[in-house]
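The residues making up each chain are set out below.
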Amino acid sequence: MKRRVLLQGSMVYGALGVAASTGLLAPSFVLAEWPQSSFDAKELNDALNSLFGSNDYITSDKIHIKAPDIAENGAVVPVTVSTTIKNTEAMAVLVEKNPAPLTASFDLGKTAQSFISTRVKMGKTSPVLVIVKADGKLYGASKVVKVTIGGCGG
Amino acid sequence: MARKSIRIRAKAKRDTIEVKALLTHSMETGLRKNRKTGDKIPAHFIKEVNCEHNGKTVLRAKWGVAVSKNPYLSFKINGGTKGDKIKISWSDNQGKSATAEVSVK
Chain Y
6 MKRRVLLQGS MVYGALGVAA STGLLAPSFV LAEWPQSSFD AKELNDALNS LFGSNDYITS
66 DKIHIKAPDI AENGAVVPVT VSTTIKNTEA MAVLVEKNPA PLTASFDLGK TAQSFISTRV
126 KMGKTSPVLV IVKADGKLYG ASKVVKVTIG GCGG
Chain D
3 MARKSIRIRA KAKRDTIEVK ALLTHSMETG LRKNRKTGDK IPAHFIKEVN CEHNGKTVLR
63 AKWGVAVSKN PYLSFKINGG TKGDKIKISW SDNQGKSATA EVSVK
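As given, the protein sequences belong to chains Y and D, one line each in that order.
Sequential numbering from 6 applies to the first sequence in my numbering.
Sequential numbering from 3 applies to the second sequence in my numbering.
Chain Y extracted, bound-state conformation:
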């Protein structure tokens, strides 16, 4: 059983190695572990510092957030983020007033468009902050989504 786990583990790293050598993944996120402390962070700045090494971002009107003005159901809030900022490496979605703001982060390969659509849980009315990392810099935009029935289940 241990040998099988060891082989499976080594196969995963082998696959990542191949992906890295083809150049479609920037080295910074090839071996990136799931960022526990970023997802655990209860304060927005702590989450940003943990995930990106900085909480300093430039507000940009080149980031587009499509989300409802009023969410019918806080458990399922559709959020579509896109940006025209060039050389986007990563995008992150943070729901500022959730117990832990960091909701999702996306590392984009070179052929991926800067476009992500997903659905998130919101505990209450909150700004939804989208951070874009491009050329080593952070850009951000925010939209307030009103929530009538909270979706964290707490």
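Keep in mind the hints are simulated off the structure, nothing from the lab.
For each residue, glycine too, the CB sits at the ideal point set by N, CA and C.
All clues stand as given, with none of them false.
With beta-carbon atoms standing in for the labels, derived distance ranges: (1) D/15 to Y/41: 33 to 39 Å; (2) Y/67 to D/40: 47 to 53 Å; (3) Y/154 to D/28: 15 to 21 Å; (4) Y/130 to D/86: 40 to 46 Å; (5) D/39 to Y/142: 47 to 53 Å; (6) Y/141 to D/39: 46 to 52 Å; (7) Y/142 to D/6: 39 to 45 Å; (8) Y/89 to D/74: 21 to 27 Å; (9) Y/154 to D/58: 39 to 45 Å; (10) D/100 to Y/83: 20 to 26 Å.
Got chain Y sorted already, so can you dock chain D onto it with the hints?
Frame of chain Y, contents of chain D only:
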């Protein structure tokens, strides 16, 4: 359950591939309580999603508990065509994982 845990729709539009996926997962936050026993239902959520186009990773997502139950994910790839392969894999905090692959239509 025989139901597919990852449904993928991948369409080529000119030379862009638009992918829409629906993953089956409870995405438990760990904050909900069992109404009968009062115990907290343990957190069970997808941590990582890997998306490949013809065998090369194009998108890696890292998720926390606040992604909705039965997560929806849509993304777009430049430079693809009908017949290309799209593969999506996920792994969760309890060591479970799943993968599915489709051809672009």
